[in-house]
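2 protein chains.
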Amino acid sequence: MYKTMIKKMPLLSLLVLLVISSSLVHSELLVKKQRFEMDNFVTFGGKTIKKVAVGFESYGQLNDKKDNVILVPHYFSANSHAAGKYHADDAQAGYWDAIIGPDKAIDTNRYFVISIDSLVNLNANDPTTITTGPSSIDPDTGKPYGLSFPVVTIRDFVNVQKAVLESLGIRKLHAVVGASMGSMQAIDWAAAYPDWVPRMISIVGTGQIDAWGSSLLEQWAIPIRLDPKWNNGDYYQSSAPTEGLTTALMFITQAALTPEFFKQMSDSPALAQQAAQKAALADINASPAIVTWLHQLAQKRVALMDANHLLYLVRANQLFIAGQQQDLKSGLQNIKAKTLFLPANNDMLLMPYLAQDAYQILKDQGKNTELLPLVGPLGHLNGVQLISQQADKIKQFLAN
Amino acid sequence: MYKTMIKKMPLLSLLVLLVISSSLVHSELLVKKQRFEMDNFVTFGGKTIKKVAVGFESYGQLNDKKDNVILVPHYFSANSHAAGKYHADDAQAGYWDAIIGPDKAIDTNRYFVISIDSLVNLNANDPTTITTGPSSIDPDTGKPYGLSFPVVTIRDFVNVQKAVLESLGIRKLHAVVGASMGSMQAIDWAAAYPDWVPRMISIVGTGQIDAWGSSLLEQWAIPIRLDPKWNNGDYYQSSAPTEGLTTALMFITQAALTPEFFKQMSDSPALAQQAAQKAALADINASPAIVTWLHQLAQKRVALMDANHLLYLVRANQLFIAGQQQDLKSGLQNIKAKTLFLPANNDMLLMPYLAQDAYQILKDQGKNTELLPLVGPLGHLNGVQLISQQADKIKQFLAN
Numbered sequence: 001m002y003k004t005m006i007k008k009m010p011l012l013s014l015l016v017l018l019v020i021s022s023s024l025v026h027s028e029l030l031v032k033k034q035r036f037e038m039d040n041f042v043t044f045g046g047k048t049i050k051k052v053a054v055g056f057e058s059y060g061q062l063n064d065k066k067d068n069v070i071l072v073p074h075y076f077s078a079n080s081h082a083a084g085k086y087h088a089d090d091a092q093a094g095y096w097d098a099i100i101g102p103d104k105a106i107d108t109n110r111y112f113v114i115s116i117d118s119l120v121n122l123n124a125n126d127p128t129t130i131t132t133g134p135s136s137i138d139p140d141t142g143k144p145y146g147l148s149f150p151v152v153t154i155r156d157f158v159n160v161q162k163a164v165l166e167s168l169g170i171r172k173l174h175a176v177v178g179a180s181m182g183s184m185q186a187i188d189w190a191a192a193y194p195d196w197v198p199r200m201i202s203i204v205g206t207g208q209i210d211a212w213g214s215s216l217l218e219q220w221a222i223p224i225r226l227d228p229k230w231n232n233g234d235y236y237q238s239s240a241p242t243e244g245l246t247t248a249l250m251f252i253t254q255a256a257l258t259p260e261f262f263k264q265m266s267d268s269p270a271l272a273q274q275a276a277q278k279a280a281l282a283d284i285n286a287s288p289a290i291v292t293w294l295h296q297l298a299q300k301r302v303a304l305m306d307a308n309h310l311l312y313l314v315r316a317n318q319l320f321i322a323g324q325q326q327d328l329k330s331g332l333q334n335i336k337a338k339t340l341f342l343p344a345n346n347d348m349l350l351m352p353y354l355a356q357d358a359y360q361i362l363k364d365q366g367k368n369t370e371l372l373p374l375v376g377p378l379g380h381l382n383g384v385q386l387i388s389q390q391a392d393k394i395k396q397f398l399a400n
Numbered sequence: 001m002y003k004t005m006i007k008k009m010p011l012l013s014l015l016v017l018l019v020i021s022s023s024l025v026h027s028e029l030l031v032k033k034q035r036f037e038m039d040n041f042v043t044f045g046g047k048t049i050k051k052v053a054v055g056f057e058s059y060g061q062l063n064d065k066k067d068n069v070i071l072v073p074h075y076f077s078a079n080s081h082a083a084g085k086y087h088a089d090d091a092q093a094g095y096w097d098a099i100i101g102p103d104k105a106i107d108t109n110r111y112f113v114i115s116i117d118s119l120v121n122l123n124a125n126d127p128t129t130i131t132t133g134p135s136s137i138d139p140d141t142g143k144p145y146g147l148s149f150p151v152v153t154i155r156d157f158v159n160v161q162k163a164v165l166e167s168l169g170i171r172k173l174h175a176v177v178g179a180s181m182g183s184m185q186a187i188d189w190a191a192a193y194p195d196w197v198p199r200m201i202s203i204v205g206t207g208q209i210d211a212w213g214s215s216l217l218e219q220w221a222i223p224i225r226l227d228p229k230w231n232n233g234d235y236y237q238s239s240a241p242t243e244g245l246t247t248a249l250m251f252i253t254q255a256a257l258t259p260e261f262f263k264q265m266s267d268s269p270a271l272a273q274q275a276a277q278k279a280a281l282a283d284i285n286a287s288p289a290i291v292t293w294l295h296q297l298a299q300k301r302v303a304l305m306d307a308n309h310l311l312y313l314v315r316a317n318q319l320f321i322a323g324q325q326q327d328l329k330s331g332l333q334n335i336k337a338k339t340l341f342l343p344a345n346n347d348m349l350l351m352p353y354l355a356q357d358a359y360q361i362l363k364d365q366g367k368n369t370e371l372l373p374l375v376g377p378l379g380h381l382n383g384v385q386l387i388s389q390q391a392d393k394i395k396q397f398l399a400n
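Protein chains in written order, with UniProt numbering: chain A, 1 to 400; chain B, 1 to 400.
Read the hints as simulated data drawn from the structure, not as lab findings.
There could be a bad hint or two in this list.
These stretches of chain B come out as covered by chain A in the derived footprint (C-beta under 8 Å, 3 or more residues) [what the hints assert, rightly or not]:
#: 1; stretch: 217 to 224
#: 2; stretch: 372 to 381
Residues of chain A clear of chain B, computed beta-carbon distances all greater than 12 Å [what the hints assert, rightly or not]:
#: 3; residue: Asn-63
#: 4; residue: Asn-68
#: 5; residue: Leu-147
#: 6; residue: Pro-150
#: 7; residue: Thr-153
#: 8; residue: Gly-169
#: 9; residue: Arg-225
#: 10; residue: Asp-267
#: 11; residue: Trp-293
#: 12; residue: Leu-371
In this text, a Cβ means the ideal position worked out from N, Cα and C, and glycines have one as well.
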């Protein structure tokens with residue numbers, strides 16, 4: 001079926017197919033976004049945000065003892081729509097629908113699964129995202145915060161999640177499971193609140209952002225700052241820095257994929273590779289086919305996104321070190337959870353040495369930890385699109 | 001000695017040390033830049049450039065039979081200063097001084113070594129670079145070409161080199177040896193003019209740019225186009241797009257290095273990592289230490305560079321396929337040279353599979369070809385800074 005579809009599909013076919021692949025599995029979950037609000041949230045950096053609102057979704061039923069909770073923090077460009085559909089005819093289910101649902105790896109017949117929109121969520125203009133960040137109205141001025149919004153960290157995402165859980169009467173998790181930036185929240189949860197977290201799964205994840213990662217992340221911020229429309233973050237009354245944001249999305253997409261996948265894409269007839277090369281030889285302003293493809297894909301996504309939010313997400317990631325101590329060893333010292341790391345062996349964004357480092361530290365500390373590789377042509381995105389390959393392992397890890 | 005120097009050096013210490021490491025070996029070569037001019041150069045794309053001027057340097061003596069010539073095309077951000085010094089007290093020798101000189105791997109007692117500034121050379125404002133590109137004066141208008149300069153290709157670099165060699169009465173090479181973009185010229189030489197090239201060495205090289213490489217290269221072009229000062233390439237009467245160009249240089253530096261090297265850098269006390277993280281938590285406009293380091297390093301380099309030239313270099317690389325046929329197999333079919341590939345095993349820019357692919361095609365075609373890895377913490381830059389590790393192999397390959 002895949003092959004037939006690919007032939008019939010226009011430009012963007014392959015990645016779109018990948019992005020919507022979860023919907024090919026008929027989702028049995030119907031979900032709705034809920035809203036959580038709190039006053040006077042104090043950030044890890046010591047600043048107060050007077051009003052915080054975030055959205056959340058849940059799948060499955062909270063049991064009477066409230067001890068069947070699995071928290072699923074989301075990745076950089078996602079929101080809390082981890083599984084299910086809002087309406088039966090939605091084109092697309094949540095990003096991990098392949099492993100979250102009745103009888104699936106994260107079994108909603110058994111667990112109460114909850115996912116929460118992060119602070120400074122990238123999809124600030126998406127009506128199904130509820131978040132607080134630089135695009136939110138500052139109650140003191142009645143205008144968007146812009147760059148007056150305080151820097152937030154992965155720990156702040158964790159602390160807002162904790163407030164949401166506590167508002168539901170939850171005092172302990174069964175597990176926390178996250179991919180990429182979701183893995184950062186997962187391991188920071190285990191380090192910051194060890195009594196809450198008996199099980200942690202890190203998928204295409206890391207225990208910290210190193211210098212390489214920090215400057216790679218900066219590559220996504222710089223184009224926004226270069227876009228004259230960015231205007232030091234003050235663009236809510238004028239037009240948004242769409243080209244800068246589109247560029248950032250292009251860079252993110254490339255970093256999340258692999259040379260192997262790009263080769264498959266560019267061999268697709270839809271990309272008209274030869275004609276594009278001819279045009280690129282004739283005109284310095286023409287683009288190679290793969291660049292046009294990345295640009296069009298990014299353009300489709302940016303309308304729902306906010307450029308300042310991307311800058312704040314970049315910063316939250318740049319500051320990440322699980323446990324927030326001087327070094328990672330100290331930060332992981334308090335972890336009580338048994339842990340499972342599933343890095344992708346060809347990940348170009350959070351390279352497998354990062355999960356390996358965290359795993360090795362935990363192992364050296366005598367903790368119950370495991371590491372298994374994810375394979376496939378998608379690199380970092382193996383952790384989202386091809387996660388089913390470890391469904392049995394995840395199910396078994398959660399059951400014990 | 002290295003350790004003592006590192007301690008005494010300010011910020012930028014480590015990479016600067018690496019960049020100047022060749023000068024720690026006392027160079028015995030004194031060289032001078034020479035000038036070559038030609039009229040009416042017709043590009044691979046079929047456009048005519050009315051006046052072409054390029055600079056070149058040579059090391060060693062051309063013998064009477066003119067058959068002892070080794071051509072060394074340069075990499076992306078370099079010029080023809082491959083070895084030696086212009087003045088005995090120059091701080092820095094040419095980039096490959098470690099392997100070019102009397103009794104060295106490329107022995108100037110034996111060979112006449114020549115290197116030629118490329119068209120659209122990045123260092124257009126460097127007085128020791130002579131090049132023709134968008135910053136040059138168009139004889140038809142008396143003004144800089146800007147984007148009216150035709151797109152040029154690696155083949156055009158090769159053809160200009162061939163004209164220089166022919167002007168010296170040379171009709172055949174002993175060898176062609178290049179790193180990175182220099183390797184592209186080297187293998188294209190072997191494919192385009194097989195009777196000229198009996199030996200070819202490709203260092204951190206490739207036989208073609210694939211889709212991944214093409215869109216990675218585009219990441220260097222986009223920030224320049226986003227900089228409002230770029231003004232569609234028309235900035236020679238106003239101020240240059242320095243921030244866009246600085247960004248491009250930052251991206252290039254990262255791509256040419258490795259996570260391992262970045263970790264070493266950020267552990268250096270000069271980077272004041274902890275203080276920078278604290279500032280980055282307090283202020284969204286502050287930068288992580290590694291970003292500040294990359295930015296400062298790039299800023300020091302851009303004064304001598306031209307932003308349009310970078311766009312044209314990116315395009316020349318995006319269009320590269322050795323032999324300029326439909327596919328690489330056909331392109332390499334005519335090669336008669338024995339070939340040696342030295343990829344770096346941790347190269348993040350031209351990953352080792354690229355050299356491996358070209359090597360495998362040549363092997364399958366029954367040709368004399370070898371591949372050996374370069375090691376070291378510098379990734380792509382192992383091919384420049386740490387090339388001495390294969391000096392014996394290079395010497396022996398050239399002697400037979």
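Here is how each hint holds up against the structure:
1. Residue count for the stretch 217 to 224 of chain B with a Cβ under 8 Å from a Cβ of chain A: 4. That meets the three needed, and the coverage hint holds.
2. Three residues within the 8 Å Cβ limit are the bar, and the stretch 372 to 381 of chain B against chain A gives 0, so the coverage statement is violated.
3. For Asn-63(A), the requirement that its beta carbon stay farther than 12 Å from each beta carbon of chain B is met, with the minimum near 39 Å.
4. Chain B leaves Asn-68(A) outside its interface by the beta-carbon criterion, the shortest separation being 36 Å against a cut-off of 12 Å.
5. For Leu-147(A), the condition that its CB be more than 12 Å from all CB atoms of chain B is violated, with the nearest at approximately 5 Å.
6. Distance check on Pro-150(A): its Cβ comes as close as 8 Å (rounded) to a Cβ of chain B, failing to clear the 12 Å threshold; non-interface status is violated.
7. For Thr-153(A), the condition that its CB be more than 12 Å from all CB atoms of chain B is violated, with the nearest at approximately 7 Å.
8. No beta-carbon of chain B comes within 12 Å of the beta-carbon of Gly-169(A); the shortest separation is about 33 Å.
9. A Cβ of chain B approaches the Cβ of Arg-225(A) within 12 Å, the least distance being about 9 Å, so the stated non-interface status is violated.
10. Listed as a non-interface residue, Asp-267(A) fails to keep its Cβ farther than 12 Å from every Cβ of chain B; the least gap is roughly 8 Å.
11. The claim that Trp-293(A) lies off the interface is violated: its Cβ sits roughly 9 Å from the closest Cβ of chain B, which falls inside the 12 Å cut-off.
12. With a least beta-carbon separation of about 18 Å from chain B, Leu-371(A) lies farther than 12 Å from that chain, consistent with its non-interface assignment.
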